[in-house]
Amino acid sequence: MASKKSEQLLFGTFSLYPRTRPSYRVSLSRMGISYTNIDEDDEKDQCVKHINMGDVVGCRCRRSKMADDSTAYLTIYAYPFRKRTMSSRSTRIRMDFTFGCNASSSFDDNFRTCAKWRNVVTRLARGQEVAKEEVETCTLPESKRLLILINPHSGPGKAQQIFEKEVAPMLNEANTDYEVKITEHAGHATEIMVSLDLSQWYAVIIVSGDGLIYEAINGLMKRPDWERAIQFPVGCLPGGSGNALCWTINYLAGEPVGEEMVLHSTFILLKHRVIPMDLVVIQLPTMQVFSFLSVAWGMIADIDYESEKLRAFGAARFTIYALIRILRPRSYKGELAFLPKGHYTPKTQQTIAKNTIRRLASREAAGSVCENGVIGTYRTISQDSERLRSASVPVMPMSSSKHQYARDNLGMVFDETVKDENLSDVNAHSSGHLDENKEVNGIGASNMSYDTEIGGANGPVNHLKSNDSQDSSQASGSSPYSPNVSCSLLPPLDKPVPSNWVKVSGDFITVLATYQPYLGPDNLFAPDARLNDGCIHLLFIRSGITKKTLLDIFLSIDEGNHINSPFVEYVKVSAFRLTPDDLSVGNLMVDGEHVDMAPVQGQIFPQMGRIMGIQ
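Going left to right, the sequence shown walks through residues 1 to 615 as UniProt numbering numbers them.
Derived from the structure by calculation, the hints contain no laboratory data.
As the structure is a prediction and not an experimental result, all values here were calculated from the model.
Treat the hints loosely; a few may be bogus.
Claimed, not checked - Under the rule of at most 20 Å between Cα atoms (straight-line distance), these lysine to aspartate or glutamate pairs were calculated in the DMTMM-like manner:
{"id": "1", "residue 1": "Lys503", "residue 2": "Asp581"}
{"id": "2", "residue 1": "Lys271", "residue 2": "Glu184"}
{"id": "3", "residue 1": "Lys4", "residue 2": "Glu129"}
{"id": "4", "residue 1": "Lys347", "residue 2": "Asp507"}
{"id": "5", "residue 1": "Lys333", "residue 2": "Glu179"}
{"id": "6", "residue 1": "Lys333", "residue 2": "Glu569"}
{"id": "7", "residue 1": "Lys547", "residue 2": "Glu569"}
{"id": "8", "residue 1": "Lys116", "residue 2": "Glu136"}
{"id": "9", "residue 1": "Lys144", "residue 2": "Glu133"}
{"id": "10", "residue 1": "Lys4", "residue 2": "Glu136"}
{"id": "11", "residue 1": "Lys495", "residue 2": "Glu335"}
{"id": "12", "residue 1": "Lys116", "residue 2": "Glu133"}
{"id": "13", "residue 1": "Lys495", "residue 2": "Asp581"}
{"id": "14", "residue 1": "Lys65", "residue 2": "Asp108"}
{"id": "15", "residue 1": "Lys165", "residue 2": "Glu259"}
{"id": "16", "residue 1": "Lys503", "residue 2": "Asp582"}
{"id": "17", "residue 1": "Lys158", "residue 2": "Glu179"}
{"id": "18", "residue 1": "Lys548", "residue 2": "Asp582"}
{"id": "19", "residue 1": "Lys548", "residue 2": "Asp507"}
{"id": "20", "residue 1": "Lys158", "residue 2": "Glu184"}
{"id": "21", "residue 1": "Lys548", "residue 2": "Asp558"}
{"id": "22", "residue 1": "Lys5", "residue 2": "Glu134"}
Claimed, not checked - So the derived label-pair ranges between C-beta atoms look like this:
{"id": "23", "residue 1": "Glu306", "residue 2": "Ser543", "range": "15 to 21 Å"}
{"id": "24", "residue 1": "Asn532", "residue 2": "Arg89", "range": "27 to 33 Å"}
{"id": "25", "residue 1": "Thr137", "residue 2": "Arg25", "range": "22 to 28 Å"}
{"id": "26", "residue 1": "Pro566", "residue 2": "Ser486", "range": "36 to 42 Å"}
{"id": "27", "residue 1": "Glu306", "residue 2": "Gln607", "range": "44 to 50 Å"}
Even glycine gets a Cβ: it sits at the ideal position worked out from N, Cα and C.
Please construct the entire structure, taking both the sequences and the accompanying hints into account.
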């Protein structure tokens, strides 16, 4: 008996564009689309080819501009994995599959068939359940309108270019309705989120570095309805130097990190998954902020902040400045106190057991286009699922270039004009324009129109000029300790910590409290961290080690093996406090934002926020 996932939901006979022959028997299940050449007698030519549903981002109904062509077309956009040339690594590549339906002499009848397939495929690609008895009446998912915030000055200053050239075409393929806002100044994202009519939007997508994500989250927490607002989904695409949250989301989704980051991050975004994310309340003497990434003091903070002068180098700025700080190390005196999740034993008093760093991967991201139904298998290791991808085989590649979005490479232009008003649920994408003289408040629905050419322009950009750099803004709050979030684990900063906390005093090279695996490109500081594991991952290195040892530690961070060093203390905690002795030296960073040197403490709030990702 067939499993529910392999149950056939739809089947039919189609051609595969650009040919009208041979004919293919096409079937749709929850696992994907299978098609077989039925005009060939040779069994070798009748092999079953598959498009894995996990690879699909969009599906569109189309028609020829030739007036006498009654064929309706169904185009499926997928991003299967392929091995990189001269490399053992895999990356997603863009492929499109266009099936022609000409069962009837009437275009409208053929279109109805394609529309039915499109509706079911779109829902399945977004992870929504479709019962077999619902396929005939299945409609398109509700349009999900995204607000895109772009910081044009983030990192090397290419965020807007990245969006227009790499992201927007994929959003178009997925029929995603969106509007773009170019931020004007430091703190602008916070202002937008404070006043945004959340009911008019599905999520806000940040195209920048981590600084704009920080602004957006703290903007949500400044609202009177913050308890509800903080559950508004936030997504992110790499447009800055660090992009730590993007690295983390890709890493936890089982997607490649460091290669084709924009493509893989956008792919995850188009799956429309929303998962909880831990936030940490950070308290300083004069303010309270909400952190999604980390608090750093000492060497890591120095590298992050002092490398700002090398911003033009992009992510390489961190490597360059790390070498400088290793050759000229500094130490800082202070006290670190924390509430461990379990029993804490300092490394100097315990046997160093080497941890094997094992990357966990999501089932949702698994699979590729392959033969004979082998889509992907799993094995269980310590109750966690680790994906094993199957080998893929070429299936009718429609485009050989890395990104060919402007045209379809089909040698023919289609539009999506529909004559039958009963088919008004055609999934056509367009985005409403933003009025430069009005605030972005989400009031008013966008006007929908049909594409007249494949890869047509969409998602107009609201251009607001600014010469201000925005990633260097300081964390700030309108009033200390607002909103009134109950931090039951944190005593006032001028009071001692409870007796069940651990205290460590002395000279430190660095202290890092992080809640994400990655802090930037190739910086896997906390390989065991998850978006919602309810833990602050606390790392600290004491002074007194050689430059070579320090170099060895930093060279092992890209694989997460630094936690095996006897000189790196690593402990999972619920709360912490850091008290520097000398407030006139060093740097203190919260989510990559520089704050005034002062005593600082934080408490984890599990699953407080919402992030678009797969885990």
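Consistency of the hints with the structure:
{"no.": "1", "hint": "Lys503 / Asp581", "in the structure": "holds (14 Å)"}
{"no.": "2", "hint": "Lys271 / Glu184", "in the structure": "violated (30 Å)"}
{"no.": "3", "hint": "Lys4 / Glu129", "in the structure": "holds (11 Å)"}
{"no.": "4", "hint": "Lys347 / Asp507", "in the structure": "holds (16 Å)"}
{"no.": "5", "hint": "Lys333 / Glu179", "in the structure": "violated (49 Å)"}
{"no.": "6", "hint": "Lys333 / Glu569", "in the structure": "holds (17 Å)"}
{"no.": "7", "hint": "Lys547 / Glu569", "in the structure": "holds (18 Å)"}
{"no.": "8", "hint": "Lys116 / Glu136", "in the structure": "holds (7 Å)"}
{"no.": "9", "hint": "Lys144 / Glu133", "in the structure": "violated (25 Å)"}
{"no.": "10", "hint": "Lys4 / Glu136", "in the structure": "holds (18 Å)"}
{"no.": "11", "hint": "Lys495 / Glu335", "in the structure": "holds (14 Å)"}
{"no.": "12", "hint": "Lys116 / Glu133", "in the structure": "holds (13 Å)"}
{"no.": "13", "hint": "Lys495 / Asp581", "in the structure": "holds (16 Å)"}
{"no.": "14", "hint": "Lys65 / Asp108", "in the structure": "holds (15 Å)"}
{"no.": "15", "hint": "Lys165 / Glu259", "in the structure": "holds (17 Å)"}
{"no.": "16", "hint": "Lys503 / Asp582", "in the structure": "holds (18 Å)"}
{"no.": "17", "hint": "Lys158 / Glu179", "in the structure": "holds (19 Å)"}
{"no.": "18", "hint": "Lys548 / Asp582", "in the structure": "violated (27 Å)"}
{"no.": "19", "hint": "Lys548 / Asp507", "in the structure": "holds (19 Å)"}
{"no.": "20", "hint": "Lys158 / Glu184", "in the structure": "holds (15 Å)"}
{"no.": "21", "hint": "Lys548 / Asp558", "in the structure": "holds (17 Å)"}
{"no.": "22", "hint": "Lys5 / Glu134", "in the structure": "holds (15 Å)"}
{"no.": "23", "hint": "Glu306 / Ser543: 15 to 21 Å", "in the structure": "holds (19 Å)"}
{"no.": "24", "hint": "Asn532 / Arg89: 27 to 33 Å", "in the structure": "holds (28 Å)"}
{"no.": "25", "hint": "Thr137 / Arg25: 22 to 28 Å", "in the structure": "holds (24 Å)"}
{"no.": "26", "hint": "Pro566 / Ser486: 36 to 42 Å", "in the structure": "holds (39 Å)"}
{"no.": "27", "hint": "Glu306 / Gln607: 44 to 50 Å", "in the structure": "violated (35 Å)"}
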